[in-house]
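*Asks:* So the sequences go chain by chain: A and B.
For the first sequence, the residue numbers in the working numbering are 1 to 113.
For the second sequence, the residue numbers in the working numbering are 1001 to 1118.
Mixed in with the good hints there might be a few duds.
Computed footprint of chain A on chain B; a stretch qualifies when at least three of its residues, placed anywhere within it, have a C-beta under 8 Å from a C-beta of chain A [said to hold, decoys possible]:
#1 1039-1047
#2 1061-1068
#3 1078-1091
Calculated from the structure, these hints are not laboratory results.
Just so you know, even glycine gets a beta-carbon here, dropped at the ideal spot from N, CA and C.
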Amino acid sequence: DIVMTQSPDYLAVSLGERATINCKSSQSVSPSSNNKNYLAWYQQKPGQPPKLLIYWASTRESGVPDRFSGSGSGTDFTLTISSLQAEDVAVYYCQQYYSTPYTFGQGTKLEIK
Amino acid sequence: QVQLVQSGAEVKMPAASVRVSCKASGYTFTAYYLHWVRQAPGQGLEWMGWINPSSGGTSYAQKFQGRVTMTRDTSISTAYMELSRLRSDDTAVYYCAKVPGAYYFDYWGQGTLVTVSS
């Protein structure tokens, strides 16, 4: 199984500042055949299902604000929120969909400092 | 608009079975795979498996092999997940989630809390 490890587990950032969450996979989630990275990011608020933010590591889902961006390749990925808003308080998860079982990171809880 | 509406909360005894339903609307039910993901209280997300609504074909995570069964009824655009031989550590919110092709999840059901307790 591919193990997804996020860092940090907890992050407090001031409003308007940048938030950066990292995700590392135990093996590459990018096959050499197509150079795509099989990595997605989700946001989950209390009592709600996860919401898709980013797929293919860097493609923003329709309707997601452009302050959210994804980057990285191979085994190391980053979710960046360029200017934190109050409504961004949530838990964020990365997920690999390269191979079964499709696994998630343990989550990063983001709060306002 | 795409919607996945799940059945209500369940309380089950250990060793019992539970069936959760997921009714799809707003898209062609048979065109996209549906997956099931669970989340224990205060914990992360765990993938359980998928069903191809068109063929009924399934694939399950090894952890759940022999205990989980995913089915569908195309006449009512509904998928089902049945988990048997329930244990206390099966207490979780169970989600159905649609994929657009590749296996990232673009739409989720609202979740169904299954509590296993004697």
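*Asks:* Determine for every hint whether it applies to the structure shown.
*Replies:* Comparing the hints with the structure gives:
1. 1039-1047: Contact hint for the segment 1039-1047 of chain B vs chain A: holds, 4 residues under 8 Å.
2. 1061-1068: holds (count 3)
3. 1078-1091: violated (count 0)
Checked against the numbered hints given earlier, this structure breaks only hint 3.
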